[in-house]
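K.L.:
Each chain, letter by letter, is given below.
2 protein chains.
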Amino acid sequence: MGSFPIATTEFLNPLDHEQFRKQAHLVVDFLADYYSNVEKYPVCSQVKPGFLTETLPDSPPTQPQPIESILQEVQKHIIPGITHWQSPNFFGYFPSSLSTASFLGEMLLTGFDIVGFNWLASPAATELEIIVMEWLLKLLQLPKLFSFSSDGGGVMHSTTCESFVCTLVAAREKKLSQIENEKGETLGKLVVYCSDQTHCSLQKASQIVGISPNNVRAIPTTKSMNFQLCPDALSRAIEADVRAGLVPLYLCLTVGTTQTTAADPIGILCEVAKQFNIWCHVDAAYAGNACILPEFRHFLDGIEDANSFSFNAHKWLLTSLGCCCLWVKDRTDLTKSLSTDPEYLKNKATNSKQVVDYKDWQITLSRRFLSMKLWMVMKSYGVLGLREFIRRHVKMAKHFEALLLIDKRFEVVVPRNFAIVCFRIVPLSESRDEENGNRLTKRLLESLNGTGKVYMTHAVVENIYVIRVAIGGTLTEEKHVDMLWDMVQEHANTLLAC
Amino acid sequence: MGSFPIATTEFLNPLDHEQFRKQAHLVVDFLADYYSNVEKYPVCSQVKPGFLTETLPDSPPTQPQPIESILQEVQKHIIPGITHWQSPNFFGYFPSSLSTASFLGEMLLTGFDIVGFNWLASPAATELEIIVMEWLLKLLQLPKLFSFSSDGGGVMHSTTCESFVCTLVAAREKKLSQIENEKGETLGKLVVYCSDQTHCSLQKASQIVGISPNNVRAIPTTKSMNFQLCPDALSRAIEADVRAGLVPLYLCLTVGTTQTTAADPIGILCEVAKQFNIWCHVDAAYAGNACILPEFRHFLDGIEDANSFSFNAHKWLLTSLGCCCLWVKDRTDLTKSLSTDPEYLKNKATNSKQVVDYKDWQITLSRRFLSMKLWMVMKSYGVLGLREFIRRHVKMAKHFEALLLIDKRFEVVVPRNFAIVCFRIVPLSESRDEENGNRLTKRLLESLNGTGKVYMTHAVVENIYVIRVAIGGTLTEEKHVDMLWDMVQEHANTLLAC
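Protein chains in written order, with UniProt numbering: chain U, 1 to 498; chain X, 1 to 498.
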């Protein structure tokens, strides 16, 4: 053993509580300083591909390094390569609205580091998840049908993609069990429906569970219908498939699409799904968060007719990545298709059938104690705080939209539903050419992002290039939105003067 | 808005850096105290089903609660419901070996809370992952074929189940593209091979990707062959399927099975797979960690012939849940089957093809900055520290095994490969009945776990009930193993005296 010189007695236990205390305090201060300085960094990282692989050594260190020098390296090498999702001037994609409470919850859940695959492996993890999911059910005014007190129930997944995969598998197994045909043959005939605005993860989830891309119908939407899925178009697509001998399986509706936050009308579309015995999932990844406000709850009207519903607390409910909350109306749909029962996990609690074993509600066996962070968030901010948080962003978005509406150079391309504003530069009157508007709008976005002072992303709908302003950062205040507006005007002035 | 009384000016920003600092310091101290007291709690939670749902309110709080009272609630209500995976007396399942460095890494990655689906969304997240995966590749002496410098590459998934799903989908799409038949029809003919000792997640992953449970061959193993998969038995199973018109797809080998840490011989089994053009995945979830030690590396001999390899750093490499490291020999196998390219994620870096977009290597779109924690671990402990850590546990396990071997009442049921010892009470000589040994061993386990002072789990192999002693807790020292041995003897004395 001569080649490994560290003696057992010299190597400190890697979970020594005094060293833990000292080092973790250092990192708390490091992060508190980061938040107080976050506006000083370019919002979107300005590095070039290979910046870090060219800088760091290509082999791991032989000897242990002190935490102080590691933190210096984070500051010097890592932070320049970070796109600062927590910057108040980050308006890209969907928000990632961290909070102190969620951070503390992550500390606790990481600190306990339990592997809660079943009830026994850590009863508190399972029971707190049930409690939090029932709290959220009330907060969102979801029907009792989705509650553990009925045949339903809620579970925390990492992201929407995971919820898509699990509900697709549940729907698939249910459908296959109802059909007499040879299983492999029928599998090739199953069809998934969505709109052309549905998140790309549905395509991928379908592919993962064995449904051919040819059997995913992304039904076109139009600007004139605010990019909502049209019930008639859905019916026609399904009927055509049935005539062709295919088997309609799954419909995904979206409340708050990625590009423009369009909201599909749930009730009427669920009715179509019902007629054809199709599983209906409602994906409200972003906008579901807003539905904790009474004034937005109507977007979920009709949800009682869906089979499953999910939203991402990590998008806009002060919770860190990932925390997708999924409810199903019939929990046995999930457990019938996702259960495992190996000898080494058998135990009395499971045998008693008095407990939930969440491993049978998800893809993976091992699972983090996710409920801890959402529980911390709900306790720390209360229902009033959570509602106030969402409402602030909506108010800021309304303000930004109002500023755009009075400047004739800009067009708000779709009506604002939540806290995302989609706008563009109106094509110059002499050109009457959409391409002209697209070019100008794209140049405006690149010019603004190029400053490093703000960051937004884009969408393309009906061949119109739009800038998406997603207002939802925890640190974002009205002054940041005002600064953004000043910058938009200034850069548009320059651009349009050329 | 009268029903929501909190005024905008009164509600503190939920990421206020001074409040963050104050509250996070509190939680650091809470956790440091937890580690110093962890031995005082029953290792396995003693609560009854419903303990928490009956205690906590069934609606979320309306008003914000102070952090001090929340932490009191954690202490009073949550901790009694936790099974203490970080206790030095936890010997159940596989270890969950947290370290301070990993905890600090989780703090940083949660603190930045970036959503690194592609390179642009946070370049440092992608590049640090590439760096860490290449470091690990060297540490494990994996062939260059799995490196980014060749056609391969590594990615961090949450758990092995995710790696199973992704490699199964990659293998499936590759196979289907090679076959002219109708896709849906062929899908029903694909067959997955493993041993009866393979982790249950493979069955589930196969089900998820659309392979019928009837087409998963769990080939029986025997105690006489140390529960290794037999190449001849594998060949015979494949040949029978081919004769029946089925299509062999995927072989999963295990180095360090869940029940007894058996290790399949990779080289010779890969040869069989090659003959039939089968994708071969090597799952070394637990034992892969030990392969950073030169004296264990031989367990991976032949790995150059596999298509993919994964291990879980969260099991035994001082890293918190989840951190499954997966390498593939041909990265396009993954990206061809898991890529998405929606308009709203298009960007110049992706177009340049000079960057890795990890969203195309995994199930989900959004991904946490996982490399941060493993980088912190490797920096903080160095190669020497990591090796020393594993070696300590192996030494303790050898010690425990030696104690068992000199007490004739016990039998070490399978030879110890790593740091897990499987033993039982030998059936009483007058009975000559395996059932007698099983009954006694089960009663011994229940009696030991019932004290709350230690926790172990069980396995059943060839109808023999065994107690698994998994030595791998970060806080576990030789004195804890000695205490366990004292308890085993004491409880066996009582039991055998009856």
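To be clear, the hints were calculated from the coordinates, so they are not data collected in a lab. Each hint should be verified, as a subset may be incorrect.
Any copy, or any two copies together, can satisfy a pair, since identical chains are not distinguished.
[What the hints assert, rightly or not] Derived DSSO-like pairs (lysine-lysine); straight-line CA-CA distance at most 30 angstroms:
#1 K398 - K76
#2 K408 - K174
#3 K189 - K453
#4 K76 - K348
#5 K348 - K48
#6 K479 - K40
#7 K40 - K22
#8 K175 - K336
#9 K353 - K453
#10 K48 - K353
#11 K453 - K398
#12 K442 - K353
#13 K144 - K175
#14 K175 - K408
#15 K346 - K442
#16 K346 - K453
#17 K479 - K398
#18 K189 - K174
#19 K76 - K174
#20 K76 - K353
#21 K76 - K22
#22 K189 - K175
#23 K174 - K398
K.L.:
Between the shortest in-copy and the shortest cross-copy C-alpha distance, which are at most 30 angstroms for K189 and K174: within, between, both, or neither?
P.N.:
both (15 angstroms within a copy, 20 angstroms between copies)
K.L.:
Please work out whether the CA atoms of K76 and K174 approach to 30 angstroms or closer within one copy, between two copies, in both situations, or in neither?
P.N.:
neither (53 angstroms within a copy, 42 angstroms between copies)
K.L.:
Can you tell me if K353 and K453 fall within 30 angstroms by alpha carbon in one copy, between copies, both or neither?
P.N.:
between (56 angstroms within a copy, 27 angstroms between copies)
K.L.:
With identical chains, the pair K479 and K398 could be close in the same copy or across copies; at 30 angstroms between alpha carbons, which is it: within, between, both, or neither?
P.N.:
Answer is within: at 14 angstroms inside a copy they meet the 30 angstroms cutoff, but 64 angstroms across does not.
K.L.:
When no copy is specified for K76 and K22, does a C-alpha distance of 30 angstroms or less occur within a copy, between copies, both, or neither?
P.N.:
both (22 angstroms within a copy, 26 angstroms between copies)
K.L.:
Reference check for the pair K189 and K175, CA-CA at most 30 angstroms: within, between, both, or neither?
P.N.:
both (11 angstroms within a copy, 19 angstroms between copies)
K.L.:
Treating 30 angstroms as the Cα threshold, decide for K175 and K336: within, between, both or neither.
P.N.:
Both. Shortest intra-copy (12 angstroms) and inter-copy (28 angstroms) distances satisfy the 30 angstroms Cα cut-off.
K.L.:
When no copy is specified for K40 and K22, does a C-alpha distance of 30 angstroms or less occur within a copy, between copies, both, or neither?
P.N.:
For K40 and K22, both the intra-copy (28 angstroms) and inter-copy (23 angstroms) Cα distances are at most 30 angstroms.
K.L.:
Within a copy, between copies, both or neither: where do K398 and K76 come within 30 angstroms Cα-Cα?
P.N.:
Cα proximity of K398 and K76: none, with 39 angstroms in one copy and 44 angstroms across.
K.L.:
Give the relationship of K175 and K408 under a CA distance limit of 30 angstroms: within one copy only, between copies only, both, or neither.
P.N.:
neither (53 angstroms within a copy, 56 angstroms between copies)
K.L.:
How do K189 and K453 come out at 30 angstroms by Cα distance, when the copy is not named: within, between, both, or neither?
P.N.:
neither (50 angstroms within a copy, 55 angstroms between copies)
K.L.:
At 30 angstroms max between alpha carbons, let me know whether K346 reaches K453 within a copy, between copies, both or neither.
P.N.:
between (55 angstroms within a copy, 21 angstroms between copies)
Checked against the numbered hints given earlier, this structure breaks hints 1, 2, 3, 14, 19, 23; the rest are met.
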